Amino acid sequence: MSITEKAIEVGAALHATGSRSQIGLFLSQPISWVFLVVGGIIAFLSLYPTFFLFYGSLTDAPLGVPGHFTLKNYIRAFTDPAAYPLLLNSFIFGLGSSGLSVIFALTLAWITIRTNAPFRRLFELTAIIPNILPPILVSISWVTLLNPSNGLINASLVKIFGLEQGPFNIYSITGLIFVESLILTPLAFLIIAAALKGMDPSLEESAKTLGSNEFSVARRITFPLMRPAILAAATLNFVRAVESFDTPAIIALPARIEVFTTKIWREALGSFPTNHNLAAAYGVGILAIALVFVYLYRRFTSQVESFSTVTGKGFRPHQIDLGPWKYAASAFAFLLLVLLVVLPILVLTLVAILPYYHVPTWQTWHNLTLENFRYVWANARVHRAFANSLFLALGGATVCMLLASFASYITVRTKLAGRGILEGLVFIPWAFPGTALALGLLWAYVDFPIPIYATIWIILIAYVTRFLPYGMRAVSSTIIQIHKELEEASIACGAGFLVTFRRVLIPMMRPGVMAGWIILVTIFMREFSATLFLYSPGAEPLGPLMYFLYLDGMRGRVAAIGLVISLISVILIAFAQRYSRWESK
Amino acid sequence: MLRKAYLFAAFFALALLSAVPANSQSAKMIEAGKKEGKAVVYGSLESDSAETIFNAFKKKTGIEVEYWRASATKVMDRALGEYRAGKPLFDIILTNDNPMQIMFKEGIFAKYDSPTAKDFPKDAIDPNLGPRYRNVIVGVVYNKDIIKPADAPKSLEDLLKPQFRGKIVMPDPTQHTTTTQWVASLWKLMGKEKADKYIRDLAATKPILVESLLPAAERVTTGETPIAITYIKYVYIFGKKGAPLDYVRLGKFMGDGHYLALDNKAPHPNAGKALIDFFLDDESMNMMAKLGEFVNRKGIYPPLPDADKIQFVEMVDLGTKEFKEKKDEYTKIFLK
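Chains as they are written, first to last, in my numbering: chain A, 1 to 585; chain B, 1 to 336.
Same shape as in the complex, but just chain B (with noise of 0.2 angstroms):
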């Protein structure tokens, strides 16, 4: 027994003295970041989930964070156009997989390895851009008092049947980008034969099509479509204010990945490394579960049923060429 406590004793003084170091280098790194005054983040994350976590690190570290909000692609055009002119004055970028990665090879972001990081499971670490920090799901959202659970789909196939014809709604895959990417990587679902049929089968079903994802499952808590093909998040964010929704249990779900990365030529370094720091660790993570996200930390799960059993598969990155050939695809099959 007391061999027992020894070794506990010995355990937890190595563990404190390797702890240490990583602490003190934190401290050191916030009273820096302090001096610079602020950090700049643009970013496609939802103003509610930014200004939840961007308060609480203020709280705790004294550092204000001024945040630029906008649609993924804009945030790299912007990031991209202020970095080639030597004048960026961000210094996180917050959004997900395809435009990082093109940030990414364009030279822009700087090596930061931050020590919260080890906490995400492996096959969610990017070798580039460090840990997939949440996942954003694309599955089949529904009006539960419109559609009876027993009588609602049970699977992308079932979406097919005559009894849904014309009660779909979904972005439009020959302008929204993630709805690209989604019907692209359906044949990771179902194999490539089978998802080039089930692409043409879904668009003979004449589902309406709107600009983005949000507009779509906003015709389904308004009951004008019953069914869409949008993000599930939105079952707990809608359904926490009273909408009646409910999502379609897949099993394997298609989703996007999102990052955060340090601008290499970032004007306050050290407090974008204290927010990085802070932003991957448990306790923001768990605010932004909260708020419906599907982050990557283990064991944190957002308040919707069945979150727990969600299977992510990340969908395909697409190159500029692949966008344009697969848009004209679909404008033949969707469109016509």
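Just chain A, same shape as in the assembly (with noise of 0.2 angstroms):
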């Protein structure tokens, strides 16, 4: 019997009757223990601080002081009947960029990881890079690029081509869900890569000799098959692109397009004083959205079983021969790679190298400037933040993925009771705007009788608590692929639930978990809308001291940051990729 049926057994036992044989058979069961302890801890995280959001949008007070139970912050946040047409704009935004940032990362994860198009390994290692990059500095390169007045691509094509104006308009719907989608494509690149080096060739092979051509099993077999990790990756920035802020406060906010965050903003979270309370309704609200997408994904991934390709039988995901078309797929995905990073890159290396945040001219050549290199090389506090930040980038992530992989078993693979609320769980923390969990991980840990509050440990715990979500999505879409035949194999052979997952899943799980502890550590080393609340003013981390740099005005110093935090996180992403590839076990 697989621990899987074990599980279904217990879990149904357990349901039926509530007796004390059955708990005791319950917690007889190895299962039962991770369950109740992933669980606890999950729920500990996850509730925690989320109760003080919850109580403020009951409340007419703010957090910390009494007040009345009140449902006005809900009326006053949905019931106005102008933030219904922001809430359609915020769809379309939401939509479009995840869609295009899903299209770009299934291409660019279909040509490094199937084709065999040459300087494929280069791509995979720099794809990631833009989610180095803090998403407020790769839109200011967008426009710095693209708007109307002097917008370098723009003034260059006028140029060359004599025209009357700049033919790109940044400033636009487009120009919004491009610039994000551009943002959003390194995640949505980690999950769906992960799963396309998991994949089974059989099924693959078996279309091509049955005549079909490289495309159309492509189209009719590999596709489907990647629908799982597609639908994680698409659900994971659909979420992300509607609750974000930064890009549409410098694209959309010129263009005067109005999105659901503009008005959150607005009356809650820009207001003065701050109105946590409405803020805390908002969020409310958004966590019930987002709890949908989580439903619809269950749904769609619920046939486990039609999505395993990774089986006992040894094998390697074959690679595509292009043939001449390896040139063309090639090009195309250093077309991608030149939209996603070169031209952020050079556009942030300039502003490192300028003496000040200027469109260059031919007299900005004379006064270059090595001056924000040498403030990072030399300046005590920016080391320490380097330090802080390693310290949590790998702790936290390494931490988080524990944590996503023994959470992802349970709500993928048992049929334990509660393991819906399991996942529900890890969603309502990273439902909530950056600032509004912020305000809840504040007053949750402020208070708390281990005095962990402004401490390094207190960050940690907020970013495993945001950003669980993205190392299970990451994990589960690989563990859906991987048939329970392995399992069976080592129960069969006399090996324990322990044994087994630490033997047989984790080496299975290695891509998804690498590429969810990538992720972890590129957005863990920037992370700031947390980390602000929280950290002791003596050790700040990267995020925050690029934040108050970017804050008074010292782009050239972000820059140059964010320069060598891409460089530090290259290093990492290159081990990391390593360590995940199949062949290397």
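What the hints contain is simulated information worked out from the structure, not anything from laboratory work. Any given hint could turn out to be false.
Taking lysine to aspartate or glutamate pairs in the EDC-like style, the calculated list, with each CA pair at most 20 angstroms apart, reads [stated by the list, open to error]:
id, chain 1, residue 1, chain 2, residue 2
1, B, Lys241, A, Asp552
2, B, Lys336, B, Glu325
3, B, Lys265, A, Asp447
4, A, Lys263, B, Glu329
5, B, Lys326, A, Asp80
6, B, Lys298, B, Asp282
7, B, Lys167, A, Glu164
8, B, Lys240, A, Glu371
Over 10 angstroms on every C-beta distance to chain A, these chain B residues come out as not near it, computed from the model [stated by the list, open to error]:
id, residue
9, Glu36
10, Phe104
11, Asp113
12, Ile125
13, Asp126
14, Lys144
15, Ala150
16, Pro162
17, Glu193
18, Ala195
19, Lys197
20, Tyr198
21, Thr205
22, Asp281
23, Ala307
Small disclaimer: the values here were computed from a predicted structure and weren't measured. Think of the CB as a built atom: it goes at the ideal place given N, C-alpha and C, for glycine as much as any other residue.
Starting from two chains that each stand alone, build the complex the way the hints lay out.
Here is the structure:
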């Protein structure tokens, strides 16, 4: 009997009656203990800060001050007729940027993982870089390139082709979707690439034997098999786009396009003083939408067996020989990478060596400076921030992925009662806007009996709480693909749950685990919205440091730090990708 | 002659005697502050200015300063959050008028009359918060490479002229708090009736709206938009790096006052007091002025042309309800 079947039996038995013997049977299974421990940790991490936000949404006083029960925050947030057109704008923005990011990611992942296109390893290594850069810098880079007045690309095209005005206008809904999709592509790429790496080629080979060509195999076999990963990436990116404020603030505001987050900012988070109660009510609304998406995602992926593509038979995903088309594939991947990496990094490098932020002229070349890099090199505060962030990134990502692996296994593989709740719990803190959650975390931990507030540990807890869904999505889409026969073989050979998990499942999940780890490391290196309220003033990580340098108009320094972070992250990614390949086993 | 010399000597001795207790009090405070180890400051003062002053303070007293920098609203959120939970980690709050007044009303500040406060003009001393150490001034900044000074606007009214239509960038007054306050205070410069009409006319020119004052200034440095309503200190800050910026000499300029105050549950009260004394003193005010700030100690000006001719008008403080009303009103006017 497999551990999954045992779990079904245990869960069903426990569900049917609550008798002592059945509780004993439940507790006699290692998976039950794992469920209780992991579920307990996740429930605490998720519900404790969320409780304060829910409470805040139902009261009329600021958090920490006794108030009266009220529904007026919800009434104000959701009965304003002006909110609904903005919700529609947000929906179009979320759908467009999430869809485009998945198309970019899928194309890039397919070319780099499954084809023999030249330079594919280089493309794979660099595709994640945009995730390292703070989104606000990516948006600013694109404004520098595509603004209608003097954007570098527009100005060049006007000069070369003698046009009357630049052909592109970043300040439009198309520009907004385009930039946000570029920001979201690395996350989708990592999830989809991990699933592609773990795919059994036998189905594709059967289709080829039956006469399908490579492209029809890709369209009719490969992509349908990728559905869980594609949906996972699309779900994550949709919610991330809908709750994002940075890109709309920089691109939508001058274009006078309003999205829902603009309203949240104006009325709650950016109001003076901050209206925590209204912010919490909006957060609960976004949470409800996010949970609908989680539910839809679970429905799409409920027929787990149909997605099992990694079986016990030895395999290596086969490489598709594109023939002469391989150069076209490389060219296309290169074009995507120019958009994703080369142009933003070029603009950042330019910003880092300019004496002040401006569009370069011939005069500029005489005034270039390395002052910003000298600041990064010589400033003790920057060094401390790098050390803190490296600790948080490596430690936080590892803890998060460990928790995510167990949680994913429980939600995908077992039939334990309450596994759906576990997945819902993971998503709760993620669905709140970053600043709203940060306030919840502040309140949850400022008076916590163990004195961890304003220490580095509280930031670690905040990162795990907020970003666990990223880790879970990355691992879940890989676990779905692993056939149960592998676990069954292990059990048949006498191994227990923990041994099977460690020796069979973890190695099989490795592409997903490493993909999640990379996503988290790159986010944690620069995270600021949750960190800002929690770090101790003497021990700031890089995110807050970059945030206030940006606030103070020192974009050059921010760009220089961003470039150094990119370099460090690329080294970490190269290491992680090497470790995650099936071939290296 | 001799009599004059005696008189001078007597006056000098008196001055010295009166100074001794203050100095010895200050020395005692510094010693006690050293034993406390550090002072913790939450503030919205720009990090370069803060770092310069705090490093000089450390050099002089040996007391370390830990600084948490954020926007004024976030400073208030964190400070009130910690205070209400009974666990304030900060000794000093350093930010602008409106949030300082709210925190004062919440009762989080201790009364501390710094001996160095007496050198500020009387009209720059708030009865609750003490000296308004700097003014952050909003004005009209333009790119000299794109608009020649002779063709530049000369007044706020000039911004309505057809030649500047589409060439002005400003923070969104429906979102950016200081700009909401600035627009709502225009009556102080031009009277209520004229100000109401001016606001509507300005909105009708469809200015480009951005999230805050810095991006507005940056669009002028890049040349993307030639004119901005923003802080005039950026003319000096970006100008010293080569940006071709100048500001319109409006005569009267509106802005916000900034203060610092001691937490009444400060974990390091002596270090905090010693820092306030140093912060308000000539030495640090001079340092700040050299970095482009308009400080309020007599005779100290930033190295910005005609800085001494600027007449400062403090913007009105708005309460929570007034902010909401103004933001709703400006949403109808600016975003229609």
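Non-interface claim for Asp281 of chain B, where every Cβ of chain A lies beyond 10 angstroms:
23 angstroms, holds
Just checking, Glu193 of chain B versus chain A, shortest CB gap more than 10 angstroms?
Holds: least Cβ distance 27 angstroms, greater than 10 angstroms.
Check on Ala150 of chain B being off the interface with chain A, judged by Cβ distance over 10 angstroms:
22 angstroms, holds
For the pair supplied as a hint, Lys240 of chain B and Glu371 of chain A, is the alpha-carbon distance within the 20 angstroms limit?
Holds - the C-alpha atoms of Glu371 of chain A and Lys240 of chain B are around 14 angstroms apart, at most 20 angstroms.
Please confirm whether Ala195 of chain B is truly not at the interface, meaning its C-beta sits more than 10 angstroms away from all C-beta atoms of chain A.
21 angstroms, holds
Can we trust that Lys144 of chain B is non-interface, i.e. its beta-carbon lies farther than 10 angstroms from all of chain A?
Holds, because the least Cβ-Cβ distance between Lys144 of chain B and chain A comes to about 13 angstroms, which exceeds 10 angstroms.
Please work out if Lys298 of chain B and Asp282 of chain B have their alpha carbons no farther apart than 20 angstroms.
10 angstroms, holds
Holds or violated: Lys167 of chain B and Glu164 of chain A, Cα atoms, limit 20 angstroms.
Holds: Lys167 of chain B and Glu164 of chain A sit about 18 angstroms apart, inside 20 angstroms.
Whether Glu36 of chain B stays farther than 10 angstroms from all C-beta atoms of chain A, as the label says:
14 angstroms, holds
A cut-off of 10 angstroms on Cβ-Cβ distance, and Pro162 of chain B was said to be off the interface with chain A. Does that hold?
18 angstroms, holds
So if I understand the rule, the pair passes when the alpha-carbon distance is 20 angstroms or less; does Lys336 of chain B with Glu325 of chain B pass?
The given pair, whose Cα atoms are some 16 angstroms apart, holds under the 20 angstroms limit.
Beyond 10 angstroms from each Cβ of chain A, as asserted for Thr205 of chain B:
14 angstroms, holds
Checked against the numbered hints listed earlier, the structure breaks none of them; every hint is satisfied.
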